[in-house]
Structures are given as structure tokens and as C-alpha cells.
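J.: Read off the chains here:
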Amino acid sequence: MNVLEVVVTLLLVLIAFLTLPLLVGQMEHKAMAHMQARLGPMYAGAFHGVGQLVADGVKFAQKEDVLPERADPVIFRLAPVLGLLPYLVAMIAIPLSPTIVGIDSDLALFFVLAALGVAVLGPLMASWASANKFALLGGMRQAAQLVAYELPLVLAAASVAMAAGTLSLIGIVEAWQPWWLLWQLPAFVVFSIAALAELSRPPFDMPIADAEIIMGPLTEYTGLRFALFLLGEYAGIVVFSALAAVLFLGGWSGPGPEWLGVFWTLLKTLALAFVVIWLRVSVPRMRADQLQRLAWVVLVPVALGQLALTAVVVLA
Amino acid sequence: MSEPRPGLRGFAQGMATTFKQMTKRSVTAQYPDVQPELPPRSRGVIALLEENCTVCMLCSRECPDWCIYIDSHKETIPAPPGGRERQRNVLDRFAIDFSLCMYCGICIEACPFDALFWSPEFEYAELDIRDLVHEKDRLRQWMWTVPPPPALDKRAADAKEWTKASQAGAEE
Chain A
414 MNVLEVVVTL LLVLIAFLTL PLLVGQMEHK AMAHMQARLG PMYAGAFHGV GQLVADGVKF
474 AQKEDVLPER ADPVIFRLAP VLGLLPYLVA MIAIPLSPTI VGIDSDLALF FVLAALGVAV
534 LGPLMASWAS ANKFALLGGM RQAAQLVAYE LPLVLAAASV AMAAGTLSLI GIVEAWQPWW
594 LLWQLPAFVV FSIAALAELS RPPFDMPIAD AEIIMGPLTE YTGLRFALFL LGEYAGIVVF
654 SALAAVLFLG GWSGPGPEWL GVFWTLLKTL ALAFVVIWLR VSVPRMRADQ LQRLAWVVLV
714 PVALGQLALT AVVVLA
Chain B
867 MSEPRPGLRG FAQGMATTFK QMTKRSVTAQ YPDVQPELPP RSRGVIALLE ENCTVCMLCS
927 RECPDWCIYI DSHKETIPAP PGGRERQRNV LDRFAIDFSL CMYCGICIEA CPFDALFWSP
987 EFEYAELDIR DLVHEKDRLR QWMWTVPPPP ALDKRAADAK EWTKASQAGA EE
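One line per chain: the protein sequences are A and B, in this order. Residue numbers for the first sequence follow this note's numbering, beginning at 414 and rising by one. Residue numbers for the second sequence follow this note's numbering, beginning at 867 and rising by one.
Keep in mind the hints are simulated off the structure, nothing from the lab. Every residue gets a Cβ at the ideal spot worked out from N, C-alpha and C, and that includes glycine. Possibly wrong hints are sitting among the right ones.
[To be verified] Beta-carbon label-pair distances, calculated as ranges:
| hint | chain 1 | residue 1 | chain 2 | residue 2 | range |
| --- | --- | --- | --- | --- | --- |
| 1 | A | V416 | B | F885 | 47 to 55 Å |
| 2 | A | E671 | B | Y897 | 50 to 58 Å |
| 3 | A | L423 | B | E989 | 49 to 57 Å |
Bound-form chain A, shown alone:
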């Protein structure tokens, strides 16, 4: 790889990073609206509010930059960046097809999960640095939720890695066969639920529960920093959906010629992102005890059982 190739690759990843979350955000606007018998944004942009998120971005950029008096200025400013950048880093290693990938590494899965583990620190830092009781409460909830759901997430991902015998994401997709859909179904369900919880998306949005604690860790944030957190949320949806599509749904494998593979990956990713939105509209928020119960009583045992099943099938 020469320098030019690296620059072009990173530029492409950056473009994907800036467009896919907007696509998901727009889908959320419109799909959620229609599920609630509304129309959603209709004016911004030329057609059915396509420019709404751009308009929102411009609005956020115009807002005052507020720093709470007793906040920790450095951490407060760093938190939104830390909540967003790891998703960009994770995106580099997620392949859309055997050739379209930022970095093809033998440790890609490990790398992505590590990056995603860093991303969740953003809200925690935000909550502590804000010097605000609601932010702190939200941060506590977030921490409890992350501790509970990181384990099943990693266990479910480990099951696929074990089945494929590699940590390379391209290797996993190449080893993938359609019957894995059934074999790895429990892991897929566990991974999806845990990913939702990692993202604090409804029904796992207790950390930011706006009816109880305003906006949780984001209470004190406005303007561009808040926009960064929002972008981080949607980037997180994209990254987790793409990861799940690659790990469990066979990525670019699908009917049709080989060059269609990219679109299969994107289609699967967007379908999963749609389910994330769909769940947000359909399911009420879970309580703290329900969250912990689901993680420790259901997800962890199911993930461990799946791991054992995978091991038995692989060794047999």
C-alpha cells in the first residue's frame, strides 16, 4: 500500500461514514413518522424532506457553545469526539465485499469490537464532566447497562468467529454458509439485543430516558457537540448493523453476479438498521431491573449455550 492508496481508502471510509448515518437518520425520520401515522419532514430539500438532516446540522452549527460553569472543560469537550471517532475507526475494518475494505486484518473482528468498546466511553465521560445530576444519573445507568451487555455481545461474536475458525471478517463471510442462519440464530439474536443496548437505543434507552432524566449524559450539550453525539448514535447503528450483517447474515453472499456483493452487504445493513428503528417505535423502554435481568438471566446463558453448541459442531 502506498500513501496515495491509504489516503483514497481513508477518504472513501470518511465519505461512507458521513453519508450512511445520514441515510439511516433520514430513514428513521420517515419510517418512524409513517409508523405513527405522521408524514415526518416534508419541506427541507426538494423531495419529502430529504434535506432535513442537513438543515438540522446547519441549525446545530449556529447554536451557542455552552460550557457549564462547574464542568471539566477538557473532558467535556473531548467526550463527543470520543463518542464518534471510534465508530469511524471501526468502519475502516468492516468489509463491504472482499475487495472493498479499508484494512483487511486477521484480527478485524477483535479490532472492531475493541473500537466499539472505546466508543461507549464517550457518554460516560460526558456524564461525569457535565457536573450535572441528571447527566450523572444517566452515566450511572449507562455504565451499568454497558457492563451487563458487553459480555453477551462479545460471546455472540466469538461464537461466529469460532465457527469460521478466524477473526478476519472477510474470512468469516467466506466461511459462512446459509445454514449458519439457523445454527447461529441464538447468537444473532443475542448480538442484536446487546448491540441495541450498547447503542442505548430504545427499548434500552434508559440512560438517556428523556422523560425521567432529561437527556442523560447529553443533558448539558448543545450545538455542534450535541450534533456529534447524534451523529455518533447513527454511526453506531450503521457500524453495528454492518457488523451483524457481516457476521451473521453472510455479508456479500447472495444471489446474482459477484459485483452485486457490495449491494447485498449494504442492503442487509440497511435492513438491520430499519429493524433498529422499527423496534424504537414498537417497544416501550425497559426498567433498570428488567435490563439487568434480560442480560444476566437470558442473554449470557443463551450466548454461553450457543458457544458450547458451536464448539460441539465445529469439533464433531
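Use these hints to put chain B onto chain A, whose structure you have.
T.: Here is chain B on its own, set in the frame of chain A:
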């Protein structure tokens, strides 16, 4: 729609409900782009048919929050040959303060001479509250927006005027 159920079935039911809703057309009223279809008798604004007003002041006395202002003077009509002079009321000012009006419609009910009417027009917001006092010219202009009264429902009782007129006809 059936009762919500607990557990996984309830979850599936919720997901199905939202998905079905998404496939249906939204019923959102596109108001500024599409004017609403208001039913007849909508209480939008009160119109004044100045020609019918006799300055009897019933409307302004019945008004619960006193938002109707009426000024008038008496005019003497010269006596016709063989008759005597008559006096009649001339309306100088008739104004309704729509910042006070609570749209109860009592003035319209109270008017014995059919000088006040409901109009369904509702787009008369103002930037200055004082502009919400509509003087008689403006109230007269609203008359053009008053729809004809809707036809009576089938098998409804005849209108009072009609009953009276037909009774009078029968007595002759």
C-alpha cells in the same frame, strides 16, 4: 384491535401494529398547502350584515365578555305628505374585539334581525392585538364568506319560519 398481550406475543403484536400502520397512508392534514374542509356552521369569524342591523343592542348586551362595541345616532326622516316624522337608528360603529371574543355565538343567537352570521374563515391572525378589533367594514366583508345554510337532515322537523308560514296560510 385486540387487547395487548404480555411477553413475546405482545412484542410480535406491537411490531405488527407499527408495520401495518407504516403501509397505510398518513392522515396528516397538510394545512398551509391544502385548505381544510370545514363543516358548515364552523365557528371561524362573525360576519355582520349591516343592512339588517337596527341597533337594538341585544347582541352587545348578551355578549358574555362584552366584546361588541356599538355606537349609533338617531336620524329623523322628514314626514311624507299626509304622514308624520319618523325616527330611525343609524349605525355609526359596530366592532367586535376578537381578542376577547370566546366564539360562544350568543350574539348570533340573540340577533332578532339576522344581522350576524358565522363564517368558517379563520385566518385572521394579527401581529398587533389591537388589530383584532374588526370594525363594521371588515365585519361586513366577512359576509361574502358565509356559506348558505346547510339543508335540513332527512326527516328533520320543518324550520320554524316554514311552520309559522304554513300555519298562517291554513288559517286564511
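J.: Each hint should be assessed against the structure and marked as holding or not.
T.: These are the hints, each one checked on the structure:
no.	hint	result
1	V416/A with F885/B: 47 to 55 Å	holds, 49 Å
2	E671/A with Y897/B: 50 to 58 Å	holds, 51 Å
3	L423/A with E989/B: 49 to 57 Å	holds, 54 Å
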